[in-house]
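Colleague: One letter stands for each residue in the lines below.
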Amino acid sequence: MTACTAKASCKKLPGLLELTDTHLQWTQDGKKAPSVRIAHSEAASLFCSKEGAPQTRLKIGLVGDDNGHNFTFSSPQPVAVAEREKFKKELTTIISRNRGAQDALPKPPLPVAAARSLSVTAVPTPGTSTPRPTATPLQASHSRASSVVDDRRPTPVITGTDPATEFRLRKKVLMANPELGTLHRDLVMSGQITEADFWDGREHLILAQLASEGQKKGKPGQLVDPRPETVEGGEIKIRITPQLVHDIFDEYPIVATAYSENVPNKLSEEQFWKRYFQSKLFNAHRASIRSSAAQHVVKEDPIFDKYLEKDDDELEPRRQRSEQVDVFVDLAMTFEDHGDTGNDKDITMQAGRQKAALPLIRKFNEHSERLLNSALGDLPPSKRQRTDEGEGSYTQIDLDDLHDPEASDGIILEMQDRQRYFNAVMSKEAEAVKQHDPAVVLADTKSKLQSTESKLTQLKIERKAGDAALIAMTTNVANRLDGKSRKNDIPDGLFRQMTTCQTAANEFLRQFWLAMYPPPSELQTVATATKAQRLAKQAKMIGYIAKTPEKVHALIQAAQQHGIDAIRVQNALKPILEASERALTVYRNKKPGQ
Amino acid sequence: MKFFIDNLPIIFPYDRIYPEQYAYMCDLKRTLDATGHCVLEMPSGTGKTVSLLSLIVSYQQFFPTKRKLVYCSRTVPEIEKALTELKRLMEYRISCAETEEERAKESSFTGLGLTSRKNLCINPEVAKEKKGKVVDAKCRDMTNSAVCEKGRADPGSVDLCDWHEKLGELAAGSQIPPGIWTLADVLELGRDKGICPYFAVRRMMPFVDIIIYSFHYLLDPKVADQVSKEMSKDAIVVFDEAHNIDNVCIESLSIDLTRPMLESAGRSVIKLSEKIEEIKTTDAAKLQDEYAKLVEGLQESLTDQTDTDAFMGTPVLPDDLLHEAIPGNIRKAEHFVAFLKRFVEYLKTRMRVLHVVAETPLSFLQHLKDITYIERRPLRFCAERLQSLVRTLELHRLDEHSSLQKIASFATLVATYEKGFLLILEPFETDNATVPNPIFHLTCLDPSIAIKPVFERFSSVVITSGTISPLDMYPKMLQFTPVVQETYPMTLTRNSFLPLVITRGSDQVAISSRFEVRNDPAVVRNFGSILVEYSKIVPDGIVAFFPSYLYMESIVAAWNDMGILNEVWKHKLIFVETPDSNETSIALENYRRACDNGRGAVLLSVARGKVSEGIDFDHNYGRAVIMFGVPYQYTESRILKARLEYLRDAYRIRESEFLGFDAIRNAAQCVGRALRGKTDWGLMIFADKRFARADKRAKLPRWINQYITETTSNLSMDMALTLSKLFMRTISQNPNENQTGISLWTLEDIQKAQEKQRQLELLVEQQGDDDEYGDGGISDSALMELDI
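Going line by line, the protein sequences match chains A and B. Mapping of the first sequence onto the UniProt record's numbering: residues 1 to 594, in sequence order. Mapping of the second sequence onto the UniProt record's numbering: residues 1 to 788, in sequence order.
The set of hints was computed from the structure by calculation and includes no laboratory data. From a predicted model like this one, the values you see are computed outputs, not experimental measurements. Heads up, a few of these hints could be off.
In silico lysine to any residue, SDA-like type, Cα no more than 25 Å apart, as pairs [what the hints assert, rightly or not]:
hint, chain 1, residue 1, chain 2, residue 2
1, A, 345, B, 532
2, B, 536, A, 62
3, B, 536, A, 215
4, A, 280, B, 429
5, B, 348, A, 341
6, A, 363, B, 532
7, A, 237, B, 561
8, B, 536, A, 376
9, A, 345, B, 429
10, B, 641, A, 347
11, B, 641, A, 341
12, A, 547, A, 574
Estimated spans, in silico, between C-beta atoms of each pair [as the list claims (entries may be wrong)]:
hint, chain 1, residue 1, chain 2, residue 2, range
13, B, 472, A, 449, 56 to 62 Å
14, A, 377, B, 537, 54 to 60 Å
15, A, 309, B, 355, 50 to 56 Å
16, A, 208, B, 107, 55 to 61 Å
Think of the CB as a built atom: it goes at the ideal place given N, C-alpha and C, for glycine as much as any other residue.
All chains, please: the whole structure from these sequences, using the hints.
Modeller: As structure tokens, then:
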């Protein structure tokens, strides 16, 4: 179960760091329960100390908490580094997978590698945006093992794709829901339930996962603006990741040109980036008008300066575009509609007086357009034009709520032998209509209702019953308040046991009822259980369910040992007991063979 | 649907009608019946254009007099929209026609739109030019009557425009088949048939029932003289989106001169004199002929010009034109050129002054006379004389002489008008500039001058807009008496828009675009966080307006450096209005694509700027409009100061009153862009503490003001956010209640309302009789006027 372990200290306390397939956990020496427990999905970033540093450290940042946790590997030097590398490797995959899943909140690319690895080796080709997470073989082998046990029927492939993808999807679902993951571990891996049974009725989770994976993720919107950070010693450092390189090339094709022309003949990879970030070109690309302040840092650079373009700060853009725009948004036509008249605008209303802001504004517009084109495809504008000109322009001026909704013709249902269908219905309907003449019904109802009013005034509620109801309600509220105010003093271990017992029993019950009354199969999976299989499953499940009271009893006893009110535990588990009872009764009363 | 207002059958191209639309039509009809003028304010996006066209077309088709409709709008997109609306209306009317005869009548109804040559030219040689002025000049070189004559007599000797020639073969009135033609349609027709769209429209104008063009074509005398001269007096004139009409009036009579223009004019004068010398040797008779004509009086020479020859209308209004012969001292061509030269030199010396000068036309003329002995009378004829000379010399590429034309117009204007104008010489662009860049402004201060002929000539002028409050301001400024003056509230079954006034940020620092605090980092940051927070919660499009270009450009830069825009990028794309209109159009189109696509975008733009006029941000194109600051004009501007002073002295409009009115009408115009129809919804955010003041809010149109409650008029940012979220959550629910009968009327509802109206009138009539009987025949007004 544990992928890797190592001796490591956290907050100067010695302990054991473990990486399981769901969590990264650290247990202080001498304690049983881990005091730091991080689910894989929470890991957001990873930092390592430099190689050769006196202490071998590893820092993990969490989602929404950059401080995270610091671990120091306490084994002797070479071992510690090796262990650290192992952790790093595993965690890197996990983190990159998390990144891939993080959709709504794209974080600026953080370097995964150690800070020193400034050289960039891979130049990603356009099109591969985020690295696709690869399944670790570890988890897959587990699943496969359990499916081998299941000899009655093969694990259904829900998504209709190859089993490997299916396993990956399942693993992802389990990773995403820690609760479900625990249940899976408790039941499937211990062999109580088969993999197929477990997923029976949970197909939608996998399908949802598949759908969300299939969704193409757009590019994050932010401008590519590598901000240098200052480290000790006054040096300025910019971290380069393959993603950043890709983005820079994408955003500034001129850099890509420079790269292809100069690397590796004139400059090495490392030199190229070093000089680029010191060049005027980089400064021109930075999305800031403060760049003039940094001018003194910028050096003359014979290689990069020749790629430098003039600032695009004239009133008319450097790159004139001739595409035809929709006449309803065409501002140029108004501009040309009549000769210029009148006095000049006052200085605040003359556009483009802040020359420094113009390149920035143009960059925004271009960047937005590029993002849009990357999502919608770079259609030539002529093709983008609406083909149905008349229709298109009418919809733009239409007030749709002024149309009578009932006036539309609707869609005619094409049906075979329509006449016959109506005949059949009509004959029955006609009888029904005869029985209910609306006028008669109305009169009838009216007469019935007339007396209601007088009856209502006569209505008297018996005092006793009213009081009883009120008292019942009051006690109910009081109980609830009482329950809320009372502290939860059940010890952690016992509580967890109770939860496990509860969820496990629930799962057995779910499986049992599923086998008893299979739902109308919306999803035609390859292996829908046959009747015999279902019977076998019922028998198996009822076996487990029958053990539930035993387990509950054990729990109650444990509670007594811990000195807790056993009644409370009993009450808490009462519903599950009742549910089990019910299942057992149903099973016993079931006619054999049914 | 079809219904009656009094006895007039109205055909309305929808199944339902908003009560506002019905009331609007009734008032419009009242105006037309009374042949008077009116000011109508109807909420933005409640189908103003369609109601207006629907009523007027019904009116035109019902009465045999066939009054022509001249419909003016601000921008080309709006003109195109109105044309499309009209086209659909006529299609609907044709489909509703009951008899064959009616159908023929509806089909023969013709409506056209007119815009410049640049927008309508299809001759590839000419249309490729970027500047409208060059297109005009090149077009004239190929189409004026002298060239045409030469070209037809001797084919191949000169370049003629094939499209124009082909058009000439068609009989008058048949250049464009009957029906409604949008600008795009006309262009297509031109391409199909090989005829010039521009002149086709120009020549069809006497035959159409509706002509749609921009304000300038009626208000700017230079253009109106060529285009709108032949409109009959009983035509109905509509100024739609007329909230800025006073500015258009003023602009059409104002001129700026700069030093480069004077240089260029000087060169033109030299060229002219060279040309005269040349002609003297080759074709002296021509000049002689012109001289003879001028002695007889100029009028004849002007009346025989055709639409292709006119190149520069007189800059003054028809009433102020002198109908007499040109003074003797500028009749001879070389004398006139010398005269021009002297005038240009005089202006050049004036430009050398290094302090600000403001003077009236009279004092300018006096000084001119003292220095150069140029009299007022010949100066008045400057523009006309130049026209005549250019035609005689058959000059090509007139765009090269545009500066000289401008100076001639300047001369004519300054010599014609004494009142309502001011000359301002500003040697420096800004107060702290050291290099002089002088501008000589001739500025018109009184909007009523330019619009006066329109009110005098046409019997019914309709001034309408979504935001034209306070209503009494316009009659005061434009000097006319409306017969109907009305504003309509918006009937809604549920509040489909939420106006919010944010006065402070979440840190409780007051926000304002007041000059003293607008660059305060706290204010900039608070403005920024409004944008960030709204870009998080609002779906699709957000439009943000700033009070000026200068402020927008500096705040965008500041936001970027503060990292605020980085937050916005996470949620939405950002588009910004740029100085170039084509570039901005492309950005706008991309903005709309981003909204359609669901990615969502923010558009940063300027109130009174290019985007704020004529572009709609309805439905997903604008779920929230944020107005950052109050869009006041730049009060340090000398022109504005002069105008304010004039308004105070002439019309008793206080400075602060006008400034507030002007700022609020622009703000209202910006936020009003977000709505079309009553199912559309949007947030309107006014972010400035000054919007909380009651006097500011009172100037907002009634339909917006009625939905600003006491609580929403003074909010901090987080309170506004909570309210906005709540609003969006409720508005996104499916409206279960039926709007019909309240904010939507069916035919029955109209009839019910009419019945009610009739009863009310009957009641009033009866009471009225009683009253009159009561005070013995003396009317109320007579009693009030009685001074005791």
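Colleague: Let me make sure I understand: some of the numbered hints might not hold for this structure. Which ones are they, in numerical order?
Modeller: Those not satisfied are hints 1, 4, 14, 15.
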